[in-house]
Amino acid sequence: MVQALVEKEIYLVNEEATVALGAALGKMIPAGAVIFLDGTLGAGKTTFCRGVLHSFDYSGPVKSPTYTLVEPYELAQRTIYHFDLYRLGDPEELEYMGIRDYFSAEAICLIEWFEKGEGVLPQADILVKVVPSGEGRSATLCGLTTNGMNWVDNINE
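Take 1 as the starting number for the sequence shown in full-length UniProt numbering and just add one per residue.
Be aware that a few hints might be false.
[Claimed, not checked] Pair by pair, the computed Cβ-Cβ distance ranges are:
no., residue 1, residue 2, range
1, Thr145, Glu9, 18 to 28 angstroms
2, Tyr86, Pro61, 17 to 27 angstroms
3, Gly134, Phe103, 28 to 38 angstroms
[Unchecked claim] Listed next, the in silico DMTMM-like pairs over lysine to aspartate or glutamate satisfying Cα-Cα at most 20 angstroms (straight line):
no., residue 1, residue 2
4, Lys8, Asp57
5, Lys27, Glu106
6, Lys129, Glu106
7, Lys63, Glu16
8, Lys63, Glu74
9, Lys63, Asp38
10, Lys27, Glu16
What the hints contain is simulated information worked out from the structure, not anything from laboratory work.
Keep in mind it's a predicted model, so treat the numbers as computed, not measured.
Don't be surprised by glycine CBs; every beta carbon is placed ideally from N, CA and C.
Start from the sequences, fold in the hints, and give me the full structure.
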């Protein structure tokens, strides 16, 4: 499991707050960033990804790529790859799909169910843990690299 260097927990009262947190992070992260998302089914991982995409002026639908494994978003400012590895049988399957080509200095990668790709995926900058909490959710942002720590420290609650 990944070891956080800095953590910040934020209570998200509703779906809009989850999108807003994703957008706030999206405005901070540069190309080359890798974000892991952790949480149970329906916890809000894809909703968070929608917020990141909104920060790059994307307003279309955002669905979890559970069956395709990856959904590319070719945007004017950046290419964003949204992965959902829930149905991955073996991490080696990622090698067959050319996973390393997605992790370029020009792209941002958002990865749900990252633990299924353990040993193949690169180091994440941030781990976002989303869990139901009361009427809303709780998001814990964990900085895993120097850049990730800076982004977590500077995110507005």
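Structure-based check of each hint:
{"no.": "1", "hint": "Thr145 / Glu9: 18 to 28 angstroms", "verdict": "19 angstroms, holds"}
{"no.": "2", "hint": "Tyr86 / Pro61: 17 to 27 angstroms", "verdict": "19 angstroms, holds"}
{"no.": "3", "hint": "Gly134 / Phe103: 28 to 38 angstroms", "verdict": "36 angstroms, holds"}
{"no.": "4", "hint": "Lys8 / Asp57", "verdict": "26 angstroms, violated"}
{"no.": "5", "hint": "Lys27 / Glu106", "verdict": "15 angstroms, holds"}
{"no.": "6", "hint": "Lys129 / Glu106", "verdict": "25 angstroms, violated"}
{"no.": "7", "hint": "Lys63 / Glu16", "verdict": "16 angstroms, holds"}
{"no.": "8", "hint": "Lys63 / Glu74", "verdict": "15 angstroms, holds"}
{"no.": "9", "hint": "Lys63 / Asp38", "verdict": "16 angstroms, holds"}
{"no.": "10", "hint": "Lys27 / Glu16", "verdict": "16 angstroms, holds"}
In this structure, the hints that do not hold are numbers 4, 6, in rising order.
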